[in-house]
Structures are given as structure tokens and as C-alpha cells.
Amino acid sequence: MDFYFLMIFIFVIAALLGFELITKVPPTLHTPLMSGSNAISGITIVGAIMAAQENQTVFAQIIAFLAVALATINVIGGYMVTDRMLGSFKKKGKK
Amino acid sequence: MEYLYLLATLFFVFGIKRLTAVRTCAQGNRLSEVGMLIAVVSVLLISPSVNWPVVIAGIIVGGGVGLFLAKRTPTTQMPELVAALNGFGGVASALVAMGDVLTNEALNSVVAPQSIYSAGSLVPAIATPVAILIGMVTLTGSFVAYGKLSGKNLSHPLSGSARHGLHAALGLAAIAVSTWMVTAEGSGTILAGMLVLAAIAAVLGVLLVMPIGGADMPVVVSLLNSYSGVAGAFAGFVIASPLLVVVGAMVGASGLILTQIMCKAMNRSLANVLLGGMGGDDAVAEDARDYQSIKQAGPEEVAMVLDGASSVIFVPGYGLAVAQAQHVVRELADLLIDRDVQVRFAIHPVAGRMPGHMNVLLAESDVPYDQLWEMERINGDFKNTDVVIIVGANDVVNPAAREPTGPIAGMPILDVDHAATVVVIKRSLSPGYAGIKNPLFDNDNTLMVFSDAKEALEGMVREVKDL
Numbered sequence: 001m002d003f004y005f006l007m008i009f010i011f012v013i014a015a016l017l018g019f020e021l022i023t024k025v026p027p028t029l030h031t032p033l034m035s036g037s038n039a040i041s042g043i044t045i046v047g048a049i050m051a052a053q054e055n056q057t058v059f060a061q062i063i064a065f066l067a068v069a070l071a072t073i074n075v076i077g078g079y080m081v082t083d084r085m086l087g088s089f090k091k092k093g094k095k
Numbered sequence: 001m002e003y004l005y006l007l008a009t010l011f012f013v014f015g016i017k018r019l020t021a022v023r024t025c026a027q028g029n030r031l032s033e034v035g036m037l038i039a040v041v042s043v044l045l046i047s048p049s050v051n052w053p054v055v056i057a058g059i060i061v062g063g064g065v066g067l068f069l070a071k072r073t074p075t076t077q078m079p080e081l082v083a084a085l086n087g088f089g090g091v092a093s094a095l096v097a098m099g100d101v102l103t104n105e106a107l108n109s110v111v112a113p114q115s116i117y118s119a120g121s122l123v124p125a126i127a128t129p130v131a132i133l134i135g136m137v138t139l140t141g142s143f144v145a146y147g148k149l150s151g152k153n154l155s156h157p158l159s160g161s162a163r164h165g166l167h168a169a170l171g172l173a174a175i176a177v178s179t180w181m182v183t184a185e186g187s188g189t190i191l192a193g194m195l196v197l198a199a200i201a202a203v204l205g206v207l208l209v210m211p212i213g214g215a216d217m218p219v220v221v222s223l224l225n226s227y228s229g230v231a232g233a234f235a236g237f238v239i240a241s242p243l244l245v246v247v248g249a250m251v252g253a254s255g256l257i258l259t260q261i262m263c264k265a266m267n268r269s270l271a272n273v274l275l276g277g278m279g280g281d282d283a284v285a286e287d288a289r290d291y292q293s294i295k296q297a298g299p300e301e302v303a304m305v306l307d308g309a310s311s312v313i314f315v316p317g318y319g320l321a322v323a324q325a326q327h328v329v330r331e332l333a334d335l336l337i338d339r340d341v342q343v344r345f346a347i348h349p350v351a352g353r354m355p356g357h358m359n360v361l362l363a364e365s366d367v368p369y370d371q372l373w374e375m376e377r378i379n380g381d382f383k384n385t386d387v388v389i390i391v392g393a394n395d396v397v398n399p400a401a402r403e404p405t406g407p408i409a410g411m412p413i414l415d416v417d418h419a420a421t422v423v424v425i426k427r428s429l430s431p432g433y434a435g436i437k438n439p440l441f442d443n444d445n446t447l448m449v450f451s452d453a454k455e456a457l458e459g460m461v462r463e464v465k466d467l
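So the sequence lines, in the order shown, correspond to chains F and V. According to my numbering, the first sequence is numbered sequentially starting from 1. According to my numbering, the second sequence is numbered sequentially starting from 1.
These are computed hints drawn from the structure, not numbers from a lab. Note that this is a predicted model, so its numbers are computed, not measured. For each residue, glycine too, the CB sits at the ideal point set by N, CA and C. Among these hints, one or two may not hold up.
[Stated by the list, open to error] Example chain V residues on the side facing chain F (calculated, C-beta under 7 Å, incomplete):
#, residue
1, Ile16
2, Ala39
3, Val41
4, Asn51
5, Ala119
6, Val123
7, Gly255
8, His357
9, Val360
[Said to hold, decoys possible] For lysine-lysine, the following DSS-like pairs were computed, each having C-alpha atoms within a straight-line distance of at most 25 Å:
#, chain 1, residue 1, chain 2, residue 2
10, F, Lys24, V, Lys264
11, V, Lys152, V, Lys71
12, F, Lys24, V, Lys17
Please model the complete structure; the sequences and the hints are all you need to start from.
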């Protein structure tokens, strides 16, 4: 089977899964969920690391560096902010 | 080893699922963090020739900036922060697509350079420009949203058909450049095309978000969040990474659903939001001269009203967040509870600058969960309530929304005007984000306390203690 066919196939199935995952969300969690999924979209960090290969031109290295750095900001910042938001909920649960 | 990517994906799926329930949300985020860690470690193990200096430098710089932003940002500015972080993720995907062109051997061949289309197939030929386009629109759009959320007045230079004409022209230009780019041969020419495309997309991102009203920014941020997922998925097509495709598609789709849920909370369609309206360029701001019978009150008068009350509902809004008054509002609530008053907090789905913004703030000051009531559950109770205290909220309690026409017509509101007495704590009579007059302030049973939310509540705490 064609590689790209498989890629499109999983793209469609993953999108449907994404639709189904979010059905009922209490308004309380809208912001944390947005922030949490924003952190997940930092998955592009994997692509950025793949782009940073040895024996590249300086320009390609700069692009790769920027991609890794920006994606890392997204990942680290995103998860920490989400944790901060959710930290307050966790305290509530224990009471 | 590649199966580690599958493992990471599973962590993301269950992470997102658990993020949608209060009881499991903290655990959900933890799962997704573990998933990300697995993904990053896997790619470092699997990738054949990792350029370690570049990767390590990137992670240190990016990690430092991310850490700094997340630690330093006050709770009030979290919506802005999410917008900015999202922009960074979007542009990273665009850069991934660009970087692939620079390293692709077929495109860089000196002897017989190929085009993106001839070297691959239709899929990368579509995915490369789309990843760049969406990534850059996400970047600049998010930063305009950031600016609007921090109160900057950014309006579109054009209006009406001229505006739509300009957007359409830029869209067509983007398609033309994309087509040229994917059929051009040799990485130098392709790169030039990519930069032109990126520039067009950057301008488009700014112009598309500009006409949207400040009150709608949460929806925009949510939509752009979905876009950055889509950009990641398309970058995945470019570099042939199933992980990016799956996770990007999932985040893109779930972001879209969340956006839809948020629009529904405001009783508006997504198209209506995106075309601009509420609080946008076309809304007209009015000022104090439009009010006829404002009744002003100070903390001691409010305390006197509270003395006779047996049920009180607080309605928090953005003013609470700005003044960082979440702790003192809880102090007042506790004082009233000690006096056997029934105290509740009415949470409008879009109070503050983001849905759930108020819940996060009040949770921070340990307001018990059972005191937080959602709009549908509490709206019928206002008529049996003695005192409603509105802390820095405006549009979400504006009865003008019940009128058949007007900028916020049809938006569900908290029926605070049904209560016996309404106390509004607000710094001035300036209009809210929607930029319209609030007839509630003119009502006979409304008392206006013109002050910073924190100062006003501290005054009330003192006065109630003295009762």
C-alpha cells in the first residue's frame, strides 16, 4: 500500500478520534483543556529534532535551531501553565 | 523502537480524555507530559544523525524561555500566555516544513535538482505550503490575539468590501506562490518561494484576527490552537512522521470541537465570530453621559444591605482577575457564611477573558467547588436572592442581550436584575469588551460601587466585621 495513503488514512481516523474525545467538557475545564492541548501541539518538537541533522548548511542549522527552541517554548510553557491551572483543582479534590 | 511513538500517542489520547473531567484532569495532563517525554526521547534515540549541539542549544534556550514565561505570568494573563505559546508552536511547524526542503537530497542535487512535486508526490506538494501557511497565520494571529487580550486597540485599516477584497487577494496570492513553489526546481528557488509565502501568510494572520472583537478573543485563541495542531499534522506529512500526523490531527480536531463548544456558550456561530462584530471595529462605545439614574454606594452602605440578606450571589468577571481580588472575595464570602447567609458564585461560561477563567481564579483562593454554580443552574434562583454582588463583570450581566437586536443580542446572560438588590463593583462606567451601554446600571435596585474590586471588597469585609 502507498505510504502516503496510509498517512492520510491515519490522519482522518485521528481527526475523528479527536472529535470524539471532546464531547462533554465542564466550562471549568475549557481553559485548562485548551492550554493542555496547546502543549500537546508542541509535538512538532519531534519534527524539529528530526530536522536538526548532521552535516547541514549553516542556514539549515539556524532553521532547525529555531524550530527546536520555539517548539520547546510551546511544550515547556504549555505544560507548566496547565499544571498551574490544574494545581488549584487538585487541592480541591483532596478535601 | 518506532513502537515508542505509538506508546507516546496512547499517552496523549488518554491524557486528553482525562483532561475533560474535573476529577481526572490533573492526572490527564501528567499522562500527556509523559507522552511528550517519551516522544522526545524516542526521536533522539531513533533519529540516525542527530545534530546534538543544535538540539541541546534549542532545548536549553526554548526551555528557559518557556519556564520563565510560565513562572512569571500572573494568573490574570494566562489567556494571553496560552495565545503566545500557541503562536510559537505554529511557527515551529512552519520551520519544520522549511527545514525539510533544505535537507531533502533530491531538491538539493547539483546535477539534477527536482521540485517538491516531482521528487515526492501530491501529498508533500500540498502539505509543505499548507504547513507554512497555517503555521505563520497561527503565529501572527496569536500575537494579535495576545495584543487584544492585553487591552491593546488593534483595528483593521480597512472595512467593508475593501477588507474582504484585500483578504481574498492575499489568499489568491498565497495559492499562486504555493503552486509556483512546489513546482520550482532546486532548493534555492524553493526557499525563495517559501519565504514569500511565509510573508503573505504572516500578513494574512494579522489581518484576519484584527477585525474580531476583543470579547471574542477566547474563541480565536481556541481556533488558533486547533490550527497549530493542523500545522503540526501537515508538517508530519512533509517529514513523513506518523506521530506528528496523528497527534496533530487529534489536537486539531479536539481544538475545533472546543471552539464550537465555546461559541455555543455565547449563542453565536463560529462564522459570526470570525466575521467580526461584538466589540469589534464596528461597535460604538458609549460613556457615562448615556446613564440617567446611577445610584452610587460605598462599602458601608453595601454592608448594611448585606446585614439583612439571607442569600447572596457573587458574580465574578474580568475585574476580579485584574484586581487579584479572588482571595478577598472568598474572605467576604466566608464572613457571610459565618452569619448564616447562603453564599454562591454564579459563573457565566465566558466570564473573564476565557471560559473557565473564573473557576481557575476562585479555585486558587480555595473557594469550595459546591459554591460555584453554572449559569443554567443558577439563573432561575436570582429572583429569590436578596443581594447579588457583581465583581468586575459587565457584558455577561447586560440585559441588553435580551433585546432582539444589538451587538450582544441573543447572548445568554445571568439574570442578575431579578434579584432584590444588585451591587456592581466597577472602576467606572466605561463599557465592557462588547463596547456597549449596560442598562442594568440604571435600574432602581442597582447600587454602583466605583472602585477597584479588591479595595471595594476589602472595605466590605471591614464593614461586615463591624456589623
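Hint-by-hint comparison with the structure:
| no. | hint | verdict |
| --- | --- | --- |
| 1 | Ile16 | holds (5 Å) |
| 2 | Ala39 | holds (5 Å) |
| 3 | Val41 | violated (10 Å) |
| 4 | Asn51 | holds (4 Å) |
| 5 | Ala119 | violated (13 Å) |
| 6 | Val123 | holds (4 Å) |
| 7 | Gly255 | holds (6 Å) |
| 8 | His357 | holds (6 Å) |
| 9 | Val360 | holds (5 Å) |
| 10 | F/Lys24 <-> V/Lys264 | holds (13 Å) |
| 11 | V/Lys152 <-> V/Lys71 | holds (23 Å) |
| 12 | F/Lys24 <-> V/Lys17 | holds (10 Å) |
Figure legend: structure checked against the earlier numbered hints; hints not met, in rising order: 3 and 5.
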